[in-house]
Structures are given as C-alpha cells and as structure tokens.
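Q: For any residue, its number in the working numbering is found by taking its place in the sequence shown, counting from 1, and adding 4.
Among the hints, erroneous ones may be present.
In silico DSSO-like pairs for lysine-lysine, Cα to Cα no more than 30 Å straight-line [claimed, not checked]:
hint, residue 1, residue 2
1, LYS24, LYS87
2, LYS74, LYS87
3, LYS78, LYS24
4, LYS23, LYS38
5, LYS78, LYS32
6, LYS56, LYS24
7, LYS38, LYS87
8, LYS79, LYS24
Computed spacing ranges between beta-carbons, pair by pair [what the hints assert, rightly or not]:
hint, residue 1, residue 2, range
9, VAL80, GLU110, 30 to 40 Å
10, LYS23, LEU107, 36 to 46 Å
11, ASP59, LYS23, 35 to 45 Å
12, THR31, GLY54, 37 to 47 Å
13, GLN45, VAL80, 25 to 35 Å
These aren't lab readings, by the way, just hints derived from the structure by calculation. The C-beta atom is built at its ideal place from N, Cα and C for all residues, glycine as well.
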Amino acid sequence: AQPLSPSSPTPLHKNPSPKKISSDVCTKYQEASKIVNLALQGLITQCIPGAKIIDLCQFGTTVIDAATSKLYNKKVNGQPIEKGVAFPVCISVNDVICNHSPLASE
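Model the full assembly from the supplied sequences, consistent with the hints where possible.
A: Below is the structure:
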C-alpha cells in the first residue's frame with residue numbers, strides 16, 4: 005500500500021462530491037448577510053465610551069429580530085416557521101477577541 009499524504013483521502017474519510025446549493029438557499033444566505041451587515045452598522049454607531057456591552061448585544065439582537073420578522077412569513081401546515089438568532093450577538097472588548105455576550109443579570 006502507498007503511504008497517504010495529508011491531502012489524500014483515507015478509505016474512512018473520502019472527500020464528498022460538492023453539492024449544488026439551490027438558488028432559494030443562496031437567496032436566504034444573501035438576505036442573512038444583509039441583516040447582519042445592517043446590525044453591524046447600527047452597532048458601530050452605538051459603540052461609544054461608557055456604552056454597556058449588554059445594551060449593545062440587546063441592540064444587535066433587536067435589529068436582527070426586527071429584520072427577520074419581515075422575511076419568510078409563509079406558514080407550513082398552518083404553523084409559522086420559527087426564526088431567530090442562531091448565535092447570540094457578541095462583542096469583543098478592547099483588543100481581546102472573544103465571544104462576550106453577557107446575561108441581563110450580569
């Protein structure tokens with residue numbers, strides 16, 4: 005048997021063939037990116053000395069919730085499709101990169 009290089013697939017981990025993404029899925033990703041950019045632009049204006057991180061996180065979540073509430077409201081089997089933030093809005097404090105999203109009680 006030939007030795008395997010790091011880039012060659014092993015019998016247990018074969019590289020799957022790329023799958024095509026439907027235009028509907030692409031549209032949803034594009035809309036999501038617009039919403040995230042809208043929230044980010046709003047957050048940039050809110051980042052002032054003395055601003056509380058919890059307030060910034062809540063502001064970002066509010067922007068995202070408001071924008072998503074306007075999209076994809078078709079009901080499936082009479083039930084609305086659940087939407088929301090998949091990952092909490094986080095703020096990196098100073099030059100430290102981290103996912104800081106405090107609870108309201110903190």
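Q: Does each hint fit the structure? Answer for all of them.
A: Here is how each hint holds up against the structure:
Between LYS24 and LYS87 the CA atoms are separated by roughly 24 Å; this keeps the pair inside 30 Å, and the hint holds. Only pairs whose Cα atoms come within 30 Å are accepted, and LYS74 paired with LYS87 is accepted, the gap being roughly 11 Å. At roughly 24 Å between alpha-carbon atoms, LYS78 and LYS24 fall within 30 Å of each other, so this suggested pair holds. Simply put, LYS23 and LYS38 have alpha-carbon atoms about 24 Å apart, close enough for the 30 Å limit, and the pair holds.
Straight-line distance between C-alpha atoms of LYS78 and LYS32 comes to about 14 Å, which keeps the hinted pair within the 30 Å bound. Taking the CA atoms of LYS56 and LYS24, the gap is about 43 Å. The hint is violated against a cut of 30 Å. Among the hinted pairs, LYS38 with LYS87 is consistent with the structure: their alpha-carbon atoms are about 16 Å apart, no more than 30 Å. For a cut-off of 30 Å, the pair hint linking LYS79 to LYS24 stands: about 26 Å separates their Cα positions.
Restraint check, VAL80 to GLU110: a C-beta distance of roughly 37 Å satisfies the suggested window 30 to 40 Å. Evaluation of the 36 to 46 Å hint for LYS23 and LEU107 yields a pass: the beta carbon distance comes to about 38 Å. At about 41 Å, the beta-carbon gap between ASP59 and LYS23 stays in the expected band of 35 to 45 Å. A hinted range of 37 to 47 Å holds for the C-beta pair THR31 and GLY54, which are about 40 Å apart.
Between GLN45 and VAL80 the beta carbon distance is about 32 Å. The supplied range of 25 to 35 Å therefore holds.
Consistency note: the structure conflicts with earlier hint 6 alone.
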